[in-house]
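Please model the entire structure based on the sequences and the hints provided.
2 protein chains.
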Amino acid sequence: MIGSTRPSSKPFTLDGQCIGRIPPYVLQQLHHHKNVFQLEMDDSENITRITLHDRLKSFDERTKAVDEVMKDWRDNHVFPVLEGWRNEMYKVSQTYISGPLFNMERSATSLLGIRQYGIHVNGFYIDCKNDDVLMWVGKRSKTKATFPGKLDNLAAGGISVGYNIADTLIKECAEEASLPEELARRAISTGALTYCYEDERGYFPETQFVYDLELPPDFTPVNSDGEVEEFYLMKLEEVVQRISDDEFKPNSALSVIDFLIRRGYLKPDDQNYLHILSVLHRDLD
Amino acid sequence: MIGSTRPSSKPFTLDGQCIGRIPPYVLQQLHHHKNVFQLEMDDSENITRITLHDRLKSFDERTKAVDEVMKDWRDNHVFPVLEGWRNEMYKVSQTYISGPLFNMERSATSLLGIRQYGIHVNGFYIDCKNDDVLMWVGKRSKTKATFPGKLDNLAAGGISVGYNIADTLIKECAEEASLPEELARRAISTGALTYCYEDERGYFPETQFVYDLELPPDFTPVNSDGEVEEFYLMKLEEVVQRISDDEFKPNSALSVIDFLIRRGYLKPDDQNYLHILSVLHRDLD
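Which chain is which? The protein sequence lines are A and B, in order. Going by the numbering used here, the letters in the first sequence line up with residues 17 to 301, in that order. Going by the numbering used here, the letters in the second sequence line up with residues 17 to 301, in that order.
Just so you know, these hints were derived from the structure itself, not from any lab. Bear in mind the structure is a predicted one, so any value in this text is a computation, not a measurement. Hints are supplied without guarantee of correctness; some may be wrong.
No distinction is drawn between identical chains; accordingly, a pair holds when it is met within one copy or between any pair of copies.
What the hints assert, rightly or not - Quick list of in silico lysine-lysine cross-link-like pairs, BS3-like style, CA-CA up to 27 Å:
| # | residue 1 | residue 2 |
| --- | --- | --- |
| 1 | Lys145 | Lys283 |
| 2 | Lys158 | Lys283 |
| 3 | Lys283 | Lys265 |
| 4 | Lys187 | Lys283 |
| 5 | Lys187 | Lys158 |
| 6 | Lys158 | Lys145 |
| 7 | Lys155 | Lys187 |
| 8 | Lys187 | Lys265 |
| 9 | Lys251 | Lys155 |
| 10 | Lys155 | Lys166 |
In structure tokens, the structure reads:
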């Protein structure tokens, strides 16, 4: 990463498992919250890792203690990212199928570099007359907190507390594109993309489970939660052009690129082919 | 890697680019060939990296000098892997599309940890009556030097000097399964797998370009070069079982697993799903 703060970040561990990575500007603030965040040092007093304080043993104790720190930072306007406080709890765990270690406010996860898991659905339609594949592309509402007006998948969303992958797929397909459950269940899982990006809000390690959904000719997606302004049916050539022109939400572009690779629209002769594939499957560490 | 010698291996570079990784037991032998392999040391006389000697500037000089070392090792039975000398030159380059730096005997590449590029073709047939996908699986000849009797893809092979990816696909499909060029060209590229394995022969960093090829109902692959004993049309449940039972050539199992993931036969609910995906996309360094 160019200009990355990763070299000066530190691992965030709990019960001996690495669950995140903390950027240097957050590390500075942790010194004021040593009753919650325990800073482990080497002999030269360099921080080696951060963990939650030993006294915080249960799920509820950890959730409450972390929440208090995040609310303190929010109320004192310490980090701009917390101005977008969502009142939405996110399950922190070692992997997406392991038990929860604690819950925390979703908008604060990037401050601790907690991995987010989500689903992305590539919706498409095969025009048999011309043997052409067309992709359904949504335009995000101008009022969305993140990436307003950018192009997006048919449906996508994070896996929230109490939902599994299939639940999330059905929920997002209903909310974002008015897909009946029966139709959403036809989506085929095609793999997962793992990557990490960084911006002024912190670290975003993400894993997205990618689905392909072929929609019937008589179905047109319609948004039902106000988060999508409009849907377009685009030729793949146009999709590629819009990605090049930076019109897509960045992580949604990744699942579209994955679709294009898996279906042979992007070919190994392309000079950047292996580089693109490595970006789609790059872990935090 | 369990029992890996990687921590004591050293990078092999040329013209400032890393092109391989040399295992410790090969490093020991290089001291006898300092006119070809230049060992760069730090202040404490630890080897930091290996490169070809400065006097070797051209493609031809490098090819000839490396070949002399490999033949010396072969003739003196220094490394068992060279008993399988193939008389087949392999192009060493930074990436599969960059210009060749030198050529070397294919069976010796694992001693320098040179990346191999190849193609693997998942051949399948859709039984419309039962809406069932069946996979064409070959059984390797008992006389093959590597992995005799193991199960394999419809066709697979390394990219040799003078061949590009499409050439290799067509050549291997013809040799291994008697596919006419017109049929082989219908194969769709679906991505690339990048991984490294190690055994007593050295390091095998590999990148395989994966293709899916749907065969028509009236076509049965027949081997034409003596390398495949028989072809089977297998249900995917059986393919999964045979992989679990270790009946597949290991790297061919990877492209089959990739097929199973991309088509939703292996699902994200599987506990090892993300681990398997990371194994399919793990670089040398």
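Against the structure, the hints come out as follows:
1. Taking CA atoms no more than 27 Å apart as the test, Lys145 paired with Lys283 passes inside one copy only; the shortest distance there is 25 Å, against 32 Å between copies.
2. For a Cα distance limit of 27 Å, the shortest separation of Lys158 from Lys283 qualifies neither inside one copy, at 34 Å, nor across copies, at 35 Å.
3. For the homomeric pair Lys283 and Lys265, the shortest alpha-carbon distances inside one copy (23 Å) and between copies (26 Å) are both at most 27 Å.
4. Taking the shortest alpha-carbon separations for Lys187 and Lys283, only the inter-copy value of 19 Å comes in at or below 27 Å, while the best intra-copy value is 34 Å.
5. Proximity of Lys187 and Lys158 under a CA criterion of 27 Å is satisfied intra-copy only: 22 Å inside one chain copy versus 53 Å between copies.
6. For the homomeric pair Lys158 and Lys145, neither the shortest alpha-carbon distance inside one copy (36 Å) nor that between copies (48 Å) is at most 27 Å.
7. For the identical chains of this complex, Lys155 and Lys187 are intra-copy neighbours only, at 19 Å inside a copy versus 45 Å across copies, given an alpha-carbon limit of 27 Å.
8. Taking the closest pair of Cα atoms, Lys187 and Lys265 come within 27 Å of each other only inside a single copy of the chain (20 Å); across copies the shortest separation is 41 Å, beyond that limit.
9. For the homomeric pair Lys251 and Lys155, the shortest alpha-carbon distance inside one copy (15 Å) is at most 27 Å, but the shortest distance between copies (41 Å) is not.
10. In this homomeric assembly, Lys155 and Lys166 come within 27 Å of each other (Cα to Cα) only inside a single copy, at 6 Å, whereas the closest approach across copies is 50 Å.
In this structure, the hints that do not hold are numbers 2 and 6, in rising order.
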